[in-house]
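From just these sequences and the hints, can you work out the full model?
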Amino acid sequence: MAVLRPLVVFLGLLLAWQLFVWATAIQPFLLPGPLTVAQTLAARWPSLLHHAGVTLTEILLGLACGLLLGSASALALSAVAPLRRWLLPVLVVSQAIPVFALAPLLVLWFGYGLWSKVAMATLIIYFPVTAAFYDGLRRSDPGWLDLARSMDAGAWRTFRHIRIPAALPAFFSGLRVATAVAPIGAVVGEWVGSSAGLGHLMLNANARMQVDLVFAALFVLAVIAVALYFAVDRLGRHLTAWQPEG
Amino acid sequence: MAAGDQGAGPAAPRVEVEAAHLAYGGALLFDRLSLSLPAGQVSCLLGPSGVGKSSLLRLIAGLAHGAEGRVLDEAGRPLAGRVAYMAQRDLLLPWLSVLDNVLLGDRLRGRPPRRERALALLAEVGLAERADALPAALSGGMRQRTALARTLMEDKPVVLMDEPFSALDAITRLALQDLAARLLAGRTVLLVTHDPLEALRIGQEIRVLAGRPALLGEAIRPEGAPPRDPAQPGLLDLQAELLRRLAAARAA
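These protein sequence lines map, in sequence, to chains E and H. Numbering-wise (our numbering), the first sequence opens with residue 1 and increments by one. Numbering-wise (our numbering), the second sequence opens with residue 1 and increments by one.
Among the hints, a few may not be true.
A short, non-exhaustive set of chain E residues, derived as facing chain H with CB atoms under 7 Å [what the hints assert, rightly or not]:
#, residue
1, Trp144
2, Met151
3, Asp152
4, Ala153
5, His161
Chain H regions said to be covered by chain E (calculated; three or more residues, Cβ under 8 Å) [unchecked claim]:
#, stretch
6, 50-64
7, 89-101
8, 104-113
Simulated from the structure, these hints should not be mistaken for laboratory data. Just so it is clear, CB atoms sit at the ideal spot from N, CA and C, and this is done for glycine as well.
In structure tokens form, the structure reads like this:
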């Protein structure tokens with residue numbers, strides 16, 4: 001039932017869309033029906049697959065970099081008090097900067113290729129991961145920390161055996177947010193300047209009024225985003241199975 | 001008494017607390033307080049809530065937040081490294097099995113985990129069958145027994161317990177008191193409790209901490225070896241005496 005319900009809603013929406021297109025006889029270059037999009041999807045599959053591969057690579061590399069940097073920052077912030085005092089306010093204020101506005105600069109610095117998009121995705125992922133993980137580390141149960149101290153535990157082992165596992169649920173809630181926004185980072189990066197990727201394909205198709213291709217690319221992007229989200233969600237549930245369902 | 005005295009390690013010291021001082025929120029909770037815990041015996045500390053019993057225990061445990069004072073053994077040496085601590089909450093890590101929770105101390109010190117000893121202790125507390133269970137699958141009594149095994153795993157000559165059984169139902173509490181009295185024999189133990197009967201069952205020296213700033217009352221030393229039967233003659237009179245002291249402390 002859990003899978004069926006959203007599927008029914010999805011098919012219902014497609015049906016409504018198709019009926020709308022038939023009823024209004026709207027021009028296909030303004031709004032193609034789902035059947036047209038499906039045909040385009042099939043016809044342009046090799047090209048879509050190629051561009052999807054580029055975008056997926058950007059997203060995954062961005063996730064890896066963002067995760068690595070974000071986790072390291074959260075650990076450093078919670079382990080080193082002076083770092084926390086100096087950097088935490090800066091980090092929080094820096095979030096007021098709309099990261100998308102940086103995209104042109106990133107393309108200028110990292111070039112038209114893969115790395116400007118990876119940088120964009122990394123920037124977008126970095127903050128939710130850092131904030132959530134740091135918050136989780138900060139909220140270690142003081143009782144557990146007392147226990148660790150009474151057992152002569154060093155700071156690093158307390159992190160490894162108590163604080164990090166205890167922060168995993170918070171870490172994963174940050175990672176879920178990050179996974180949802182990572183595709184946005186990659187596509188915005190591609191819009192600003194690129195030679196490949198689903199964003200690039202959409203921009204070109206849009207300029208040529210191939211709206212059916214725009215929708216096909218969008219569909220592939222949505223599938224990637226949803227698949228990533230569920231993969232992360234499953235992994236998170238598996239690794240924090242000890243946590244009571246909330 | 002296999003695991004209980006498998007290695008009480010170095011001889012249990014007498015513990016002397018001197019010039020203990022705690023001010024909290026402008027109020028002086030205790031000042032120039034002295035407390036002596038006889039070597040190898042179970043001392044119990046009773047007193048009204050908020051009098052500073054837990055703070056005193058945490059001071060001895062080296063976990064003081066705000067409380068100050070000297071904590072030394074009979075030779076004037078600090079207790080560092082000789083104290084195990086058991087709190088009111090079991091503090092089990094929910095992602096570790098019962099066995100791994102008992103082995104936490106070894107892991108936190110970076111030593112090879114002593115599985116054999118941990119399993120022996122789990123058998124002592126009656127949890128051999130549940131070694132692989134997660135804490136969430138255990139009852140409150142089982143969880144506190146796991147915490148007791150974890151405390152004994154530390155194998156320290158001094159054991160400090162802060163109301164460890166107060167969240168348990170009466171029958172489970174009696175069973176755990178028996179277990180604790182048996183397994184902790186020979187160590188210098190300080191047990192903070194709200195329950196006069198608990199103190200009388202397992203304490204060899206019982207004191208009431210009361211007043212502001214708090215002072216320690218005369219020690220009560222019940223006869224016979226712990227764990228005492230609640231039906232032991234004289235115990236009821238002592239319970240009445242303790243209740244009278246606690247009520248007086250509350251009224252003051």
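Among the hints numbered above, which are violated by the structure, and what are their numbers in rising order?
-> Violated: none.
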